[in-house]
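The listed protein sequences correspond, in order, to chains F and B.
Counting in my numbering, the first sequence runs from 2 upward without gaps.
Counting in my numbering, the second sequence runs from 10 upward without gaps.
Simulated from the structure, these hints should not be mistaken for laboratory data.
Remember, it's a predicted structure, so these values are computed and weren't measured experimentally.
All C-beta atoms, glycine included, are put in the ideal place defined by N, C-alpha and C.
Some hints could be false.
[To be verified] Simulated restraints on C-beta separations:
1. B:Asn190 to F:Asp99: 45 to 53 Å
2. F:Thr36 to B:Thr159: 40 to 48 Å
3. B:Thr140 to F:Asn85: 39 to 47 Å
4. B:Gly189 to F:Lys108: 29 to 37 Å
5. B:Thr140 to F:Ser43: 17 to 25 Å
[As the list claims (entries may be wrong)] The list that follows gives simulated cross-link-like pairs (lysine-lysine, BS3-like), each with its CA atoms no further than 25 Å apart:
6. F:Lys146 to F:Lys95
7. B:Lys204 to F:Lys195
8. F:Lys74 to B:Lys86
9. F:Lys95 to F:Lys195
10. F:Lys95 to F:Lys74
11. F:Lys195 to F:Lys108
12. F:Lys195 to B:Lys158
13. F:Lys108 to F:Lys53
14. B:Lys163 to B:Lys62
15. F:Lys53 to F:Lys154
16. F:Lys154 to F:Lys108
17. B:Lys86 to F:Lys108
18. F:Lys146 to F:Lys195
19. F:Lys74 to F:Lys53
20. F:Lys74 to F:Lys154
21. F:Lys74 to F:Lys108
22. B:Lys204 to F:Lys154
23. F:Lys69 to F:Lys95
24. B:Lys86 to B:Lys163
25. B:Lys204 to F:Lys74
26. B:Lys62 to B:Lys86
27. F:Lys195 to B:Lys86
28. B:Lys204 to F:Lys69
29. F:Lys154 to F:Lys69
The lines below spell out each chain.
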Amino acid sequence: MGKLTEIYPAPASNSIKETLIGVADGRSVTVSSGTYTFETVSSVLTLSTSYKDITGSSITYTPPEGTKYVYYKFSYKSSSAPVNYGSSGIHHLKLFLDGTDVYRAHKSNAGNYSGSHSNYHASFTNFIEYVFDLTAGSDDYGQGKLSGWTTGKVIKCQARDYSSPYYQADIHRNHWEDGTSASGEEVYTKPTIKIIAYS
Amino acid sequence: MGKLTEIFPASSTNNVLEVVQGTCDGRSITVDSGTYTLESVTTHTDGTTSYQKIPGSLIAYTPPANTRTVLYRFDFKWHSIGSSGISHFYVDIDGTRITNSNKTFSENYSGNHGHAHGGRGDSLYWLFDLTAGSDNAANGEFASWTSNKTIQCKFRRYDGSSYGVAVNWNRYYNGTSSSGNYVYNRPTLTIMSFK
Chain F
2 MGKLTEIYPA PASNSIKETL IGVADGRSVT VSSGTYTFET VSSVLTLSTS YKDITGSSIT
62 YTPPEGTKYV YYKFSYKSSS APVNYGSSGI HHLKLFLDGT DVYRAHKSNA GNYSGSHSNY
122 HASFTNFIEY VFDLTAGSDD YGQGKLSGWT TGKVIKCQAR DYSSPYYQAD IHRNHWEDGT
182 SASGEEVYTK PTIKIIAYS
Chain B
10 MGKLTEIFPA SSTNNVLEVV QGTCDGRSIT VDSGTYTLES VTTHTDGTTS YQKIPGSLIA
70 YTPPANTRTV LYRFDFKWHS IGSSGISHFY VDIDGTRITN SNKTFSENYS GNHGHAHGGR
130 GDSLYWLFDL TAGSDNAANG EFASWTSNKT IQCKFRRYDG SSYGVAVNWN RYYNGTSSSG
190 NYVYNRPTLT IMSFK
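This is chain B alone, in the form it adopts within the complex (with noise of 0.2 Å):
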């Protein structure tokens, strides 16, 4: 019979409590604090002159105990309508938008607003502080996290004639128009909590 350190080593050093990661296809994925179904995103979504929800982007989540860190991730597909597709973005925590998390996105101008070809994955993140003395969710600080929170991105076009906007569009494919299951891309949510 080994020494017990060899039966029971030290515990690993790793502060991640748990990964939450998936496609936004409809899928549930249990982890140690609970099941969580991501929503399923099946088409583009335009962007207008006010906030929108990205398809795809909302989780109410609750971490793991003696969670101090809650990473939420979200990587999407962005695609200009019209001009350099100017549009505004957000990460949200229970209906209140967290300042510094706002991000614009454009490609460059051509010159001609009738050119729309920029189109890339980009990302939404935040690292929420479960340290704080109290509560701030502007700063996406909190003293504690015990029951469910619900996080979304929301987004905008800049103004409602020039620069337009998609999220979650392939709007070429193969050398072609895209079409059928080509036109949309589902995004990937992540969540880590880490202690």
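Chain F extracted, bound-state conformation (with noise of 0.2 Å):
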């Protein structure tokens, strides 16, 4: 038999119950509320005017007993669509929790305007985040708060261009590697996604 102390170890002072992140691989990962599997992404996502689910951004989710906070946070690359029109590549993006859009976490990314739609170099990386507040006295998925969450709920991300035929981006994409067009493997990016249950 081990000492007391190793049976019963000193609570951390901590306030994260748990970590989930991950590669969007389609790997599995195990934590104290369960394993989760992630999206496999394989290509580029391409934007069009209208909303789409970002690949590898979705993940069910159920944070362990007693958790307050749960921040999630969805890392991609973009870059400006390699197409005449690219320009700055202007995309918004949507949050939802469980099919309702999280209207405070909306956001807009580019690059800078060149002053011809033509010039499509923007590209790096992006993210959107977003920290739920699970101590509210009723759900308003709307702000991020809720009454609490003990079952699986969907979060992900969706994403638009900003107009038709300019300012497209493209979701994922590398449009250039080693000097010169990226190809094979080396034109998509796996996004990462990263969730802190915090008690």
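From these two lone chains plus the hints, build me the complex, please.
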């Protein structure tokens, strides 16, 4: 039999109950609240002027008992679409919790406008994040407030282009790599999801 | 005297085993798995058409026992030297390029290669999976990790003429060209080990 302190270790003062983090390559990650399988991203997502799900952003999550706050962050690569009208690649993001638009998390990302819509070099890492408050008296998903969270809820992101044909963006895209046009596996990057449950 | 479970409550569900995080100024950080000294960044580095290490990004790390996932993240400043500053980056572990860590950064092209204002913070990262059945460094997958592995980020510029880039650089500061200690920006390196 081990020491009592090994069986009953001192409680951590840390307020993090669990951290779920992974690359969207189909991996499964086990934490205290269960096993979660990330989506597999294997191509670029081309946007349009209608919102569509961002591949790799969706996860059905149940926080551990006693959680007061859930932090969700989705990190992804964007690029102005490599077409004549890619321009600054303005695109808009939404975050959904169980099908409800968390409107306080809305966000737009873009590169600098060059004065010509045929210039489309804007390419960098972006993210959308939100902290859900589970201590609210009643549910208000639009503001990310919940009175509790005890079963699986789907968190996901959607995106759209600013307009058509100007200002188009691609998600997960590397247009260039190694000093030339990207090809094969280089064309896309795999996004990541990080969820932290706090007590 | 209270109940035994009140004196010795169940351990936390927290699955973070340790965090190594610091500004790359030569500091040493001691965690359960050892003491790690971060690189000291004291200047900016111009890109060439060959891949080179981003100063500050290198660390030789051994995760603690029972680690199942290792997050490596490098946050740094990026700035165009010429035109849109198209540049390429990846994470390397023990000399192997992690295929899906490839990223290309650039600002939008202005129509004039002499315009080079693009500058911002960006990040490179990978999540190493230590639960794999066998090693596949190119995918960041390992069956085990019990001794130091060297992780670093590498970068290059798109070509040798029009698209220049520098890392850890502030080109401008306080409404003018930067000078002295403001010319470079020290990056941040973060490693988290999860059970």
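A quick look at each hint next to the structure:
no., hint, in the structure
1, B:Asn190 to F:Asp99: 45 to 53 Å, "holds, 49 Å"
2, F:Thr36 to B:Thr159: 40 to 48 Å, "violated, 31 Å"
3, B:Thr140 to F:Asn85: 39 to 47 Å, "holds, 46 Å"
4, B:Gly189 to F:Lys108: 29 to 37 Å, "holds, 36 Å"
5, B:Thr140 to F:Ser43: 17 to 25 Å, "holds, 21 Å"
6, F:Lys146 to F:Lys95, "holds, 16 Å"
7, B:Lys204 to F:Lys195, "holds, 15 Å"
8, F:Lys74 to B:Lys86, "holds, 21 Å"
9, F:Lys95 to F:Lys195, "holds, 17 Å"
10, F:Lys95 to F:Lys74, "holds, 12 Å"
11, F:Lys195 to F:Lys108, "holds, 18 Å"
12, F:Lys195 to B:Lys158, "holds, 24 Å"
13, F:Lys108 to F:Lys53, "holds, 15 Å"
14, B:Lys163 to B:Lys62, "holds, 4 Å"
15, F:Lys53 to F:Lys154, "holds, 19 Å"
16, F:Lys154 to F:Lys108, "holds, 22 Å"
17, B:Lys86 to F:Lys108, "holds, 22 Å"
18, F:Lys146 to F:Lys195, "holds, 19 Å"
19, F:Lys74 to F:Lys53, "holds, 18 Å"
20, F:Lys74 to F:Lys154, "holds, 15 Å"
21, F:Lys74 to F:Lys108, "holds, 13 Å"
22, B:Lys204 to F:Lys154, "holds, 24 Å"
23, F:Lys69 to F:Lys95, "holds, 23 Å"
24, B:Lys86 to B:Lys163, "holds, 14 Å"
25, B:Lys204 to F:Lys74, "holds, 20 Å"
26, B:Lys62 to B:Lys86, "holds, 14 Å"
27, F:Lys195 to B:Lys86, "holds, 22 Å"
28, B:Lys204 to F:Lys69, "holds, 22 Å"
29, F:Lys154 to F:Lys69, "holds, 15 Å"
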